[in-house]
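Trainee: We have chain A already, so just place chain B on it with the hints.
Protein chains: 2
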Amino acid sequence: MTLRELIERPHAWPAEEGGPGVAVSSRVRLARNLAGAAFPGWAGEEERERIWRELRGRLLELPALADSAAAGNAELSEQDRFILFERHLISREHAGKSRGSGIVLRGDERISIMVNEEDHLRMQALCPGLRLREAWQMADAVDSQLDAKVSYAFDARWGYLTACPTNVGTGIRASVMLHLPGLALMEEMEPVVKGVAKLGLAVRGVWGEGTEAHGHLYQISNQMTLGEREEDIVRNLETIVGEIVEHELNARRRLWSQREVVLRDHVGRAAGILTHAHILSSREALDLLSALRLGLEMGIVSRLERRDLLELLLLTQPAHLQMNEGRPLSPFDRDRARAELVRRRLGGVLRLAARGRRKSR
Amino acid sequence: MTLRELIERPHAWPAEEGGPGVAVSSRVRLARNLAGAAFPGWAGEEERERIWRELRGRLLELPALADSAAAGNAELSEQDRFILFERHLISREHAGKSRGSGIVLRGDERISIMVNEEDHLRMQALCPGLRLREAWQMADAVDSQLDAKVSYAFDARWGYLTACPTNVGTGIRASVMLHLPGLALMEEMEPVVKGVAKLGLAVRGVWGEGTEAHGHLYQISNQMTLGEREEDIVRNLETIVGEIVEHELNARRRLWSQREVVLRDHVGRAAGILTHAHILSSREALDLLSALRLGLEMGIVSRLERRDLLELLLLTQPAHLQMNEGRPLSPFDRDRARAELVRRRLGGVLRLAARGRRKSR
Numbered sequence: 001m002t003l004r005e006l007i008e009r010p011h012a013w014p015a016e017e018g019g020p021g022v023a024v025s026s027r028v029r030l031a032r033n034l035a036g037a038a039f040p041g042w043a044g045e046e047e048r049e050r051i052w053r054e055l056r057g058r059l060l061e062l063p064a065l066a067d068s069a070a071a072g073n074a075e076l077s078e079q080d081r082f083i084l085f086e087r088h089l090i091s092r093e094h095a096g097k098s099r100g101s102g103i104v105l106r107g108d109e110r111i112s113i114m115v116n117e118e119d120h121l122r123m124q125a126l127c128p129g130l131r132l133r134e135a136w137q138m139a140d141a142v143d144s145q146l147d148a149k150v151s152y153a154f155d156a157r158w159g160y161l162t163a164c165p166t167n168v169g170t171g172i173r174a175s176v177m178l179h180l181p182g183l184a185l186m187e188e189m190e191p192v193v194k195g196v197a198k199l200g201l202a203v204r205g206v207w208g209e210g211t212e213a214h215g216h217l218y219q220i221s222n223q224m225t226l227g228e229r230e231e232d233i234v235r236n237l238e239t240i241v242g243e244i245v246e247h248e249l250n251a252r253r254r255l256w257s258q259r260e261v262v263l264r265d266h267v268g269r270a271a272g273i274l275t276h277a278h279i280l281s282s283r284e285a286l287d288l289l290s291a292l293r294l295g296l297e298m299g300i301v302s303r304l305e306r307r308d309l310l311e312l313l314l315l316t317q318p319a320h321l322q323m324n325e326g327r328p329l330s331p332f333d334r335d336r337a338r339a340e341l342v343r344r345r346l347g348g349v350l351r352l353a354a355r356g357r358r359k360s361r
Numbered sequence: 001m002t003l004r005e006l007i008e009r010p011h012a013w014p015a016e017e018g019g020p021g022v023a024v025s026s027r028v029r030l031a032r033n034l035a036g037a038a039f040p041g042w043a044g045e046e047e048r049e050r051i052w053r054e055l056r057g058r059l060l061e062l063p064a065l066a067d068s069a070a071a072g073n074a075e076l077s078e079q080d081r082f083i084l085f086e087r088h089l090i091s092r093e094h095a096g097k098s099r100g101s102g103i104v105l106r107g108d109e110r111i112s113i114m115v116n117e118e119d120h121l122r123m124q125a126l127c128p129g130l131r132l133r134e135a136w137q138m139a140d141a142v143d144s145q146l147d148a149k150v151s152y153a154f155d156a157r158w159g160y161l162t163a164c165p166t167n168v169g170t171g172i173r174a175s176v177m178l179h180l181p182g183l184a185l186m187e188e189m190e191p192v193v194k195g196v197a198k199l200g201l202a203v204r205g206v207w208g209e210g211t212e213a214h215g216h217l218y219q220i221s222n223q224m225t226l227g228e229r230e231e232d233i234v235r236n237l238e239t240i241v242g243e244i245v246e247h248e249l250n251a252r253r254r255l256w257s258q259r260e261v262v263l264r265d266h267v268g269r270a271a272g273i274l275t276h277a278h279i280l281s282s283r284e285a286l287d288l289l290s291a292l293r294l295g296l297e298m299g300i301v302s303r304l305e306r307r308d309l310l311e312l313l314l315l316t317q318p319a320h321l322q323m324n325e326g327r328p329l330s331p332f333d334r335d336r337a338r339a340e341l342v343r344r345r346l347g348g349v350l351r352l353a354a355r356g357r358r359k360s361r
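Respectively, the protein sequence lines represent chains A and B. So the first sequence is numbered by our numbering: it starts at 1 and just counts up by one. So the second sequence is numbered by our numbering: it starts at 1 and just counts up by one.
Just chain A, same shape as in the assembly (with noise of 0.2 Å):
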C-alpha cells in the first residue's frame, strides 16, 4: 500500500475508545538523532535528502513497522501532506517542508514517523482512550528495533541528543487528547489547569490557545524530558489524567443534577444549528460537534455514534474538505461545503431524548 493510498481510503478509527469518552486519545512521541549527522536545521537540502533515504529503507526493515508506507515530502502535494497533519499524524511544520523530509506511516495509522522535520527522528505511537503505557510500547518497540541498526546521538551524561534542548535527555513526550465539556460548563477549568501545572504538566487547547480551547479538547503532556525514566513520566501522566477523568465525570454528574437545562440547551443549540446552517466555520463546527459529543455520552442524543462524530471532526477540516469536493476551495466555500456535509449527515438521523435518561456507566 502507498501513503497516497492511506490518505485516501477513509481513515482508520481506531476500533471503539471504550470507557467514558474523556480520554480521546493518548500519544507518545521520541525524538531522535544520528551520531555525526548535522541536525536537519543545520544540514544542507542534499544531506537531508540523504538522511531520509538511509532512515526510510532502515525503517520500513523493521518488524514494528511491517505493512507501512513511506513517501518523501516532495512525492505528496502540499493537500496530502495537510490531510496528515489533520489525522495528527505529522506536526503542522513537517506538512509545510518539502524536499528533504519525509514520512512513514504504519497501515493501521497507529505508528507515524517523521524523518527531518525538527529532528532527524519523530516516532509517534496512538492509542484511542486513556492507553498511555500501551502507546509507549509500541514507540518503543520502533525506537528499540531501529537502535540495532543505525548510531543514535546519545550522551552518556545528558541522554538524547535534541534539535532543542527542552527535547533533551529520554527524548519522549507523552500527552492526552482530553474532551472536558462538563469542567468548562460548570466554569472550573481553571483550577484543574492551574493544578496540573503546577505538578510539571502543561495543558494547551488541541486547537486554539491556553484554556480558550476550541471543542472543549485540550492536551495534556509532559513538561520534563531530563531527570526522569521514560516509564516514570508515562505512568506518572497516566495517574494525573486519571484524576482528571474523574473530575470530569464528576462534573457532568454535576451538571444533570444542576444545570439540567443549561446542558439540555447546549447540546440541543448545537443539534439545532448543525442541522441547519448553510455557512459553518471549522471553529463553530469544532465546538458544535463537542457539545454534540457530550449530548451523545449523557445519553441526550441518540442514533449516532462517537466515531460519527470524530469522522466529521476530521471531514470538516480544510484539506479533508478540499480532497472530498476534488479542488481548492475559497474559505466561503469551505464553509459553505462544511455547512452542507455536516446537514447531509446528521439532517434526519439527530434524535434528541425528550425525557431525562442518563447513561449508567
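The set of hints was computed from the structure by calculation and includes no laboratory data. Certain hints may be false.
Pairwise CB distance ranges, derived in the manner of DEER restraints [to be verified]: (1) Arg204/A x Gln223/B: 22 to 28 Å; (2) Glu243/B x Leu352/A: 27 to 33 Å; (3) Ser281/B x Pro10/A: 40 to 46 Å; (4) Leu60/B x Leu352/A: 49 to 55 Å; (5) Glu190/B x Pro10/A: 46 to 52 Å; (6) Leu199/A x Glu325/B: 46 to 52 Å; (7) Ala353/A x Ala353/B: 53 to 59 Å; (8) Leu249/B x Arg351/A: 36 to 42 Å.
A few chain B residues facing chain A, derived, Cβ under 8 Å [claimed, not checked]: (9) Leu60; (10) Val262; (11) Arg264; (12) Asp265; (13) Gly268; (14) Arg269; (15) Arg336.
From a predicted model like this one, the values you see are computed outputs, not experimental measurements. Ideal placement from N, C-alpha and C gives every residue a C-beta, glycine not left out.
Mentor: Okay, now just chain B, sitting in the frame of chain A:
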C-alpha cells in the same frame, strides 16, 4: 365585555395584513387635554380620579367606541397592565400608573385610550399593514365625537395644548412599525436612517435603541406637531414609508440574487435554534422570530403564517408568559418557559424549502 375579559382572551389579531409584509402596523395617536383642569402631572390624585370618572362616562357613550370596555388602572393588576403594554395598547409609563388613571379599549383592540397618562387623553388607533389614513380616520372620529361633549384645552394660535411642548399643535403622533431585515442583512440600514432623519422623521428600534433594533423592527414617526395640518403629516409619512418599503423589497431581491447562502443560513439557524433551544431570552426570541418571518416572506419557510409568528412574538413576552403559566416567573424561568413554548409551537411544524422557491409578489 370587561377589560379583564379582553385581556384574558387571545389577542384579537387583525385580519391578514396583506401587502408584502414590510409594514407591520400603522398607528395614530392624538394628545388632548381638558380646558380648565391641571395636566395630570400637576393634579392631585382626587382630581385625576374625578377626571377619569368623567371621561370614562363620556367615552363609553361615543358611537366610535361602541362595544368597548373600561377600567381604572387600580382595578387591574400590574400584570394585566403590562399585558396591555406588550400588545402596544398602552405605554410602559401608563402600565406603571395606578389610581387616578384609566384605560378604555374597543373590543377589536383597534382603538385604545389612556386617561391621565402624560395628558388627560391619549387616543390611539391601530391598523395592520400600511394604512395610516384609515388609522387617522378612526382616531379622528373619536376625537370629533368627544369634542362635542367636552371642552378641550385649545389656543387659537398654538392649537391643542399638551403637557409636553413637543406635542403642542396638532397633538398628533403617526407611526408605522416596519420589518426591515433585508436592509439590515445587506448592511444598508444606516443611509436609510440618515435620509429619513433629514426629512424630519424619527426612526427608532421598537425594542432596543437606535439602529440596533431587535428583530429588525423599526418605528418611523413624525417629529413635528406644529405648523402642519394633521392630514399632511399623515400623508407625508405614508409616502416616505412607501418608499422605505420599496427599498426593503429591493434589498430582499438582491439578497436572493447576491447572498442566497447568507439568507438561507440566517433563516436556517433561526429555525434550528427556535426548535432546539431550552433557554431563550426575549431579545433572542425576537431576533430569531424576525429571521423566520423573513424566511416566510421569501418562501423559504413553509407551513407557518405571519399571524403565527406575531402571536409567538407576543406570547414570548414576560407578562404574557406569566399569564400563560399562571404564576410569576424568575427571569431564568421565563427564558426556560419561553424556549419550551416556542419549541412546542414550532417543533414538527416548521419546514424549510430544500430548493430555492421565490414567492412572486
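Trainee: Each hint needs a verdict: does it hold in this structure or not?
Mentor: Now the hints, each set against the structure:
For arginine 204/A paired with glutamine 223/B, a C-beta distance near 57 Å fails the hint of 22 to 28 Å. Taken as a hint, the range 27 to 33 Å is violated for the pair glutamate 243/B and leucine 352/A, whose Cβ atoms sit roughly 46 Å apart. The hint said 40 to 46 Å for the Cβ distance between serine 281/B and proline 10/A, and at roughly 42 Å that hint holds. For the hinted restraint 49 to 55 Å between leucine 60/B and leucine 352/A, the CB-CB distance of approximately 53 Å keeps it satisfied.
Between glutamate 190/B and proline 10/A the Cβ separation comes to about 49 Å, which falls inside the hinted range of 46 to 52 Å. A hinted range of 46 to 52 Å holds for the C-beta pair leucine 199/A and glutamate 325/B, which are about 50 Å apart. A C-beta distance of roughly 29 Å is found between alanine 353/A and alanine 353/B, which places it outside the suggested range of 53 to 59 Å. A beta carbon spacing of about 40 Å between leucine 249/B and arginine 351/A agrees with the range 36 to 42 Å that was offered as a hint.
Interface hint at leucine 60/B: violated, since its Cβ lies 47 Å from the closest Cβ of chain A, which is beyond the 8 Å cut-off. Taking 8 Å as the C-beta cut-off, the interface hint given for valine 262/B holds, the closest approach to chain A being about 7 Å. Interface restraint check: arginine 264/B against chain A, minimum CB-CB distance 4 Å, threshold 8 Å, status holds. For aspartate 265/B, the interface hint holds, since its Cβ comes within 8 Å of a Cβ in chain A; the closest pair sits about 4 Å apart.
Because the smallest distance between the Cβ of glycine 268/B and any Cβ of chain A comes to about 4 Å, under 8 Å, the interface hint for this residue holds. Taking 8 Å as the C-beta contact cut-off toward chain A, the hint placing arginine 269/B at the interface holds, the least distance being around 5 Å. With a least beta-carbon distance of about 6 Å to chain A, the hint placing arginine 336/B at the interface is held under the 8 Å criterion.
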